[in-house]
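Colleague: In the working numbering, each residue's number is its place in the sequence shown (first place is 1) plus 2.
Hints are computed from structural coordinates only; laboratory data are not their basis.
Be aware that a few hints might be false.
Lysine-lysine pairs mimicking DSS-like chemistry, simulated, CA-CA at most 25 angstroms apart [unchecked claim]:
#1 Lys44 x Lys97
#2 Lys118 x Lys97
#3 Lys140 x Lys44
#4 Lys153 x Lys63
#5 Lys118 x Lys150
#6 Lys73 x Lys63
#7 Lys44 x Lys153
#8 Lys153 x Lys140
#9 Lys73 x Lys141
#10 Lys192 x Lys141
#11 Lys118 x Lys141
#12 Lys272 x Lys242
#13 Lys97 x Lys153
Label pairs and their calculated CB-CB ranges [what the hints assert, rightly or not]:
#14 Lys141 x Ser195: 36 to 44 angstroms
#15 Arg306 x Asp80: 48 to 56 angstroms
#16 Asn95 x Pro328: 12 to 20 angstroms
#17 Lys150 x Asn326: 48 to 56 angstroms
#18 Ala134 x Glu163: 52 to 60 angstroms
#19 Val157 x Leu189: 23 to 31 angstroms
What you are looking at is a predicted structure, and each value in this text was computed from that prediction instead of being measured.
Cβ coordinates follow ideal geometry from the N, Cα and C atoms, glycine included.
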Amino acid sequence: MLKKKGKEQKVDAYAGRPFSRVVGIDVANSTIKIWTDNDVHKEYRNTVREINDAGLVYSFKTNYQMYVLDKEVYEVGDLSAMGSGGRGKARYNSKAFRIEALIGIAGVLQPGTNEKIRVVTGLPSSLSKNAAIAEEIKKNLIGEFSIKSVKWDQVEDITFEIVDVIVVPQPLGTLYNFVYDEKEQALNQKFLSQRALIVDIGWGTTDLAVLEESRVRGTFGFEIGVSDYVANLQEDVNDKMPEANIYALNSHQLDIALLESTTVETPFGKFDLAQLAEKHKEIQSRRVYEAVMGLGLEFTKFYRIILTGGGALQYEKYLRTLFNDPRLIIQQDAVTANAKGFHLLGQF
3 MLKKKGKEQK
13 VDAYAGRPFS
23 RVVGIDVANS
33 TIKIWTDNDV
43 HKEYRNTVRE
53 INDAGLVYSF
63 KTNYQMYVLD
73 KEVYEVGDLS
83 AMGSGGRGKA
93 RYNSKAFRIE
103 ALIGIAGVLQ
113 PGTNEKIRVV
123 TGLPSSLSKN
133 AAIAEEIKKN
143 LIGEFSIKSV
153 KWDQVEDITF
163 EIVDVIVVPQ
173 PLGTLYNFVY
183 DEKEQALNQK
193 FLSQRALIVD
203 IGWGTTDLAV
213 LEESRVRGTF
223 GFEIGVSDYV
233 ANLQEDVNDK
243 MPEANIYALN
253 SHQLDIALLE
263 STTVETPFGK
273 FDLAQLAEKH
283 KEIQSRRVYE
293 AVMGLGLEFT
303 KFYRIILTGG
313 GALQYEKYLR
323 TLFNDPRLII
333 QQDAVTANAK
343 GFHLLGQF
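Take the sequences, apply the hints, and build the full model.
Modeller: Here it is in structure tokens:
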């Protein structure tokens, strides 16, 4: 580490570029998660809406949070909007992805400072070996930025420079989170030496990583995610309960509603979706299980099988039954584990 004028500055040993803060960010299709120093973090639905209220007469919102980037005004986290979406590589060099990431980073920084940031983020395992995609992300994010944070009673400037971007397979975040010993503030060498499998069930994909002898030996990915559960459930509800008009709710709205209660309200009333929701959770759990087992990995050699991501929490009951294995661990902070781990990864 370097110290200049009383302020600690970290140095990237590989690139030799000084940075004052590490930000771990998981720009997922469902929820964006950001983690930085002193456990400062944010989590919200990854939706971005460009604000153009030419026809607005009056707003009842007094707790809104908007951001101004490149002279355009954006609101994030509104469930009626949609994220950039997509499972393909084109998502990562898009304007929408850039906006999502930069606003997320700005949200954990203090106005009035001008920090140099090292960003650590992840790609689905199926894309993580594509160096061109990682380079696109770096090109999209490295540079100097000035973003205005707009609230009901104040406008603040947030300026920062992203000097370094590290792109890794998404499950690596959970792995770092799992092997980090908070008490010792160091990586647990015993855990690192023992073979482990990480299965990250996200919104759009399921991603796997194998830890062996302190090295990640392989990464795998499938286009199986929680969005499939939501989409298939919507189709089934539409067939069996057309009176619900379930497509009045977009996928984010339905997902959030189901996390709160299986009795879901649409503009046409309240409808009990418990039976259909459980049916499709079981179907998706089996899809994940069969895909993982179909890889032909030597499961007898793993000390731990760690399941993470929002899907791990949603499908926990069925996954425990399917794996039927005492080595199975459901990461309790499964939704934020990758972002927290990315932050740790940027420091070791």
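Colleague: Evaluate each hint against the coordinates.
Modeller: Hints and how they fare:
{"no.": "1", "hint": "Lys44 x Lys97", "verdict": "holds, 22 angstroms"}
{"no.": "2", "hint": "Lys118 x Lys97", "verdict": "holds, 22 angstroms"}
{"no.": "3", "hint": "Lys140 x Lys44", "verdict": "holds, 22 angstroms"}
{"no.": "4", "hint": "Lys153 x Lys63", "verdict": "holds, 10 angstroms"}
{"no.": "5", "hint": "Lys118 x Lys150", "verdict": "holds, 18 angstroms"}
{"no.": "6", "hint": "Lys73 x Lys63", "verdict": "holds, 22 angstroms"}
{"no.": "7", "hint": "Lys44 x Lys153", "verdict": "holds, 17 angstroms"}
{"no.": "8", "hint": "Lys153 x Lys140", "verdict": "violated, 30 angstroms"}
{"no.": "9", "hint": "Lys73 x Lys141", "verdict": "holds, 21 angstroms"}
{"no.": "10", "hint": "Lys192 x Lys141", "verdict": "violated, 37 angstroms"}
{"no.": "11", "hint": "Lys118 x Lys141", "verdict": "holds, 16 angstroms"}
{"no.": "12", "hint": "Lys272 x Lys242", "verdict": "holds, 15 angstroms"}
{"no.": "13", "hint": "Lys97 x Lys153", "verdict": "holds, 24 angstroms"}
{"no.": "14", "hint": "Lys141 x Ser195: 36 to 44 angstroms", "verdict": "holds, 37 angstroms"}
{"no.": "15", "hint": "Arg306 x Asp80: 48 to 56 angstroms", "verdict": "violated, 38 angstroms"}
{"no.": "16", "hint": "Asn95 x Pro328: 12 to 20 angstroms", "verdict": "violated, 43 angstroms"}
{"no.": "17", "hint": "Lys150 x Asn326: 48 to 56 angstroms", "verdict": "holds, 53 angstroms"}
{"no.": "18", "hint": "Ala134 x Glu163: 52 to 60 angstroms", "verdict": "violated, 24 angstroms"}
{"no.": "19", "hint": "Val157 x Leu189: 23 to 31 angstroms", "verdict": "violated, 42 angstroms"}
Of the numbered hints stated above, those contradicted by the structure are hints 8, 10, 15, 16, 18, 19, listed in ascending order.
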